[in-house]
Structures are given as structure tokens and as C-alpha cells.
Amino acid sequence: MSPETIIAPTATTNWVDQLRTLRERHDANHYHRGGLLEWQRVEELFKDMERENQLILHAVGEGIYGVDVEGRTTFANPAAERMLGWRIDELMGRVIHRVVHHSHEDGSLYPLKECPIYAAFRDASVKRVGEDWFWRQDGTGFPVEYTSTPILDNGHPVGAVVVFRDISPRLQAQKELQQALEEVESLKHRLEMENAYLQEELSAEYHFHEIFGQSDAIKAIVRRIGMVGPTDANVLVTGESGTGKELIARAIHQSSTRRERPLIRVNCAAIPKDLFESEFFGHIKGAFTGAINDRVGRFELADGGTLFLDEVGEIPLELQGKLLRVLQDQQFERVGENRTRAVDVRVIAATNRNLKTEIQEKTFREDLYFRLNVFPIESVPLRRRLEDIPILAQEFLSRACQKFNRPALALRERDVVTLKAYHWPGNVRELENVIERQVITADGRLDLDLSGPDSVTSPVATQTAPARHFSGELMTDSELRELKKQNLQRALQMSGGRVFGDDGAAALLGIKPTTLASRLKKLGISPGLVRDS
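Going letter by letter, the sequence shown gives residues 1 to 533 in our numbering.
To be clear, the hints were calculated from the coordinates, so they are not data collected in a lab. Values in this document were obtained by computation on a predicted structure and should not be read as measured data. Among these hints, one or two may not hold up.
Listed next, the in silico DSS-like pairs over lysine-lysine satisfying Cα-Cα at most 25 Å (straight line) [said to hold, decoys possible]:
#: 1; residue 1: Lys-512; residue 2: Lys-362
#: 2; residue 1: Lys-420; residue 2: Lys-219
#: 3; residue 1: Lys-485; residue 2: Lys-521
#: 4; residue 1: Lys-285; residue 2: Lys-175
#: 5; residue 1: Lys-219; residue 2: Lys-273
#: 6; residue 1: Lys-484; residue 2: Lys-273
#: 7; residue 1: Lys-484; residue 2: Lys-521
Please model the entire structure based on the sequences and the hints provided.
The structure is reproduced here in C-alpha cells:
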């Protein structure tokens with residue numbers, strides 16, 4: 001119902017009174033009987049109009065009330081009573097602004113002179129307000145939209161009629177819609193992150209995609225994977241670099257009920273110290289310099305799936321407590337955000353370091369160790385399962401020939417003997433590298449000479465220190481320093497100049513990457529120069 005069409009009951013009552021006065025005057029002047037009947041019919045007509053207006057006011061769902069020029073209530077319909085919590089007789093004659101419109105939503109005073117309802121008859125114009133705040137009798141408030149329409153008498157405003165409705169449902173629906181849109185945007189962003197991560201994983205070169213071998217060590221690993229895979233237990237995979245710890249983690253994930261969700265890998269050795277928290281838990285825009293957008297962390301990406309923490313021993317001590325909390329409570333906060341997020345993540349951790357020693361040296365938390373080491377699996381080095389070398393070598397040989405578009409090559413018995421005689425400090429990764437290099441350089445057949453100048457590494461016998469060291473003679477301090485320097489340089493050559501990571505020089509030497517970096521700096525050795533030499 002348009003506010004402009006409302007006939008206020010007060011105004012209608014005045015018309016009826018005026019008609020009654022005219023009729024009395026007519027009676028006093030002895031008007032003829034026909035004229036009196038005509039006036040009675042007009043009076044009944046206006047009474048009918050008033051009754052119809054009252055029925056309309058009772059029927060409409062919007063709240064309606066009227067005010068005079070002083071702002072005092074002249075009428076109100078039942079819908080207004082229900083919404084405001086006041087009876088009509090309690091509102092009549094009161095300045096309604098002081099009753100229902102006295103304050104803003106935040107409780108601050110709403111001056112009468114700023115009220116659009118009064119502006120309607122001050123300016124003799126209709127005022128429409130899309131969102132405002134009314135107060136109930138019990139002191140609670142609710143959002144409203146309303147229209148204030150002036151009542152004019154001979155062109156002069158004598159009051160206003162206000163039509164209002166409670167817009168709480170609409171605002172709630174808008175809020176829910178906004179939340180839904182934000183959730184959709186968050187899911188979209190998460191899906192984009194997952195897709196980007198999976199593309200990154202697909203483009204990476206994995207050393208092998210299945211567990212090959214017939215040794216007792218491999219059979220034991222497969223059995224343990226079969227036991228722990230279907231559970232949600234955390235797993236700690238230990239072993240030297242290049243033994244296939246990530247392969248074990250992937251096999252556990254694929255044998256679990258989480259295989260439909262992603263396995264998210266985090267190389268803890270490659271994350272700068274000040275970015276660990278953001279990498280794990282994500283951050284919001286503006287959380288720190290450079291945080292130009294919200295970012296989903298690895299834990300959130302792995303929700304419902306598995307998180308593989310490679311080289312978990314590299315996590316800084318001060319951040320291990322936060323990781324422990326997530327493992328215990330499955331809850332975290334993004335950097336710069338107060339909102340707590342819940343996740344369902346299984347963690348598989350891997351390390352080539354002795355974490356028990358790290359615990360004794362106070363560089364790794366014991367409680368975190370026990371939280372990770374629910375089910376331990378050792379990834380056995382290649383030298384302890386020599387019977388697997390022919391199977392692995394043949395698999396790598398077939399793949400390398402296909403990868404480099406070379407004719408198929410056969411692995412001869414003497415090649416197997418040569419491979420088994422080698423110590424393989426780089427384990428399976430080194431074996432794959434050796435086979436690939438042989439395929440690249442082969443001229444119709446393999447020529448496995450691991451002691452040659454083109455070899456990636458040398459056999460154990462060629463890695464010995466100078467003869468005088470083993471003859472029992474003492475070494476001078478300068479000779480000892482030179483020996484250490486040569487040893488570090490050799491480790492850098494074997495690792496391709498890499499200090500960090502599974503196949504880094506620090507892992508080959510069995511020391512912390514930070515310790516190695518300090519020694520290299522002290523000796524004036526540049527990893528890049530050693531790699532390129």
C-alpha cells in the first residue's frame with residue numbers, strides 16, 4: 001500500500017465531525033426533510049470510508065503510525081504494536097521519536113532535528129530511508145526501512161504517516177549470502193592452490209613411482225605400510241638421503257582412506273626461517289610486509305588428506321611448539337588472523353637425522369618427536385639390500401632409454417656385479433643418476449665404470465684420505481685443515497653444489513646445513529664455484 005494513499009483516522013474523524021456540525025446547522029435552520037436525508041447518506045458514506053481504512057490498517061503487514069506537527073502519536077496499527085511492543089493506547093499522544101527512534105544502533109543519541117520522519121512535514125516531502133533502527137519497549141532494537149509521508153491540509157503540513165517494516169530477515173539473508181559467497185571464494189582459492197600444487201607435483205621428476213625390490217628389507221617395509229596405511233596414525237620415516245622416504249609416504253597415503261584427497265609435501269629444509277609459519281598455516285592480507293593477498297597454508301590445503309613433512313628436523317625450535325599444537329588439537333590460526341580454523345590432517349614426517357640426538361642437544365622437542373613417531377618406518381639404505389640393485393637398475397634403464405629417446409639397452413651380468421660392488425652413498429637416487437648418465441653417453445651398450453673421471457661419485461676405495469693418514473703418521477694442523485677442506489669440496493661436488501635438502505652436502509656429511517654453511521664461510525669455499533669447477 002502506497003503511503004501517499006493513506007487517509008489518517010484523525011483526519012477522517014474531523015470530516016465526520018464537520019458533517020455532523022453542518023447537519024445540526026441545517027436542523028436549526030429548518031432545512032427541508034430531503035436535505036437532511038442527503039446529509040445523513042453523506043455521513044454514512046464517510047463512516048464507511050473510515051471503517052474501510054481501519055480494516056486496511058489492521059490487515060497490512062507493515063507497521064503504520066501517524067504523528068502530528070509536534071511529533072505526537074495520533075494512531076498506530078496492530079502490526080506496529082507487534083513490532084514495537086507497545087499498545088496503541090500507550091503510544092497515543094506521546095512523542096514517538098523519544099519512544100522508538102531515540103538512538104542509533106550503536107546506542108548514540110539520535111537528535112530529533114536530524115530525524116527524517118519530522119523532515120517529511122517540515123519540508124512537505126516524502127522521505128524514504130532504506131536502513132535505520134527502531135527500539136522496542138523491552139529495550140531491544142531491530143533494523144527497519146520506512147517511508148514518512150506528510151499529511152497536508154490546504155497545502156499546509158499537519159503531521160505525517162510513517163510506514164515501516166522489520167528488515168532483520170532480509171539483512172540476515174544478505175549476511176548468509178555474503179558468507180556463502182566468501183566461502184565459495186575461499187573454496188575457489190583453495191582449489192586453485194591445490195591445482196597449482198598438483199601441477200607442481202606432476203611437473204617434478206620423481207625417482208620412481210612404485211616400490212621395487214625383493215629383499216627382506218623391502219618386504220618388511222611393504223608389510224609395515226600395509227599395517228599403518230588404513231589407519232590415521234602419524235608416521236615417522238627415517239633413513240639416509242636418497243633411500244625413498246617420500247616414496248614410502250606416498251605409498252602410505254595411497255593405501256589410506258584419504259587417497260581421494262591430496263598428499264601435500266613440505267620440504268622443511270627449503271623454507272626460510274621467517275616464512276615457516278606462513279607456509280604451514282597461511283596468512284591474511286596485510287599480516288606482514290609483502291602479504292598482499294590472503295594465502296592458504298599447507299595444513300589447510302591438506303585438510304582431509306595427508307601432510308608430508310620432509311626433513312622435519314629442519315623446523316626451527318621456536319616453531320615446533322606451534323606444530324605440536326596443530327597435531328594435538330587439529331586447530332590453527334593464519335598469521336595475522338584471530339579466527340581459529342579446524343582441520344583433519346594426517347601427518348607423515350621424514351628425516352635423515354637422528355632426532356633422539358637432536359633431543360639430547362635441545363634442538364628438537366621431545367614431545368613433538370613422540371607425537372610424530374607413533375609408527376616408525378626405516379627406509380633402508382641401498383648398500384644393505386644389494387639384491388634389489390638389479391631390479392632397480394633395469395627399471396631405471398628402461399625408463400631412461402624412453403625418457404632420452406635412446407634404443408633399448410640390456411643390463412649385463414658384469415654390470416650387475418659392478419653396481420653391487422659400489423658403496424652407493426647417495427643410495428637409490430645416485431643409482432638412478434648413474435644409469436641415466438650411462439644411457440646418455442652409451443654407444444649401443446653400457447660401459448659402467450664407476451671409478452672413471454665421468455662418474456658422479458667414486459667407489460669407496462677411491463674416497464680414502466692420503467696414504468700417510470692411514471700409515472699412522474701424524475698430520476700437521478695445516479694438513480688437517482686442507483684435508484677437511486678437500487672433504488667439504490668433495491661433498492659439494494657430489495651434491496651438485498647444494499648444501500640443504502635430502503641430497504645436499506650437509507646430508508652426505510651427516511651434519512646440520514647451518515653448521516656446514518658456517519664451515520664453508522670460514523674456509524672461504526663458495527658452493528657455486530665448487531659446483532661449476
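Ascending list of hint numbers which this structure does not respect: 5, 6
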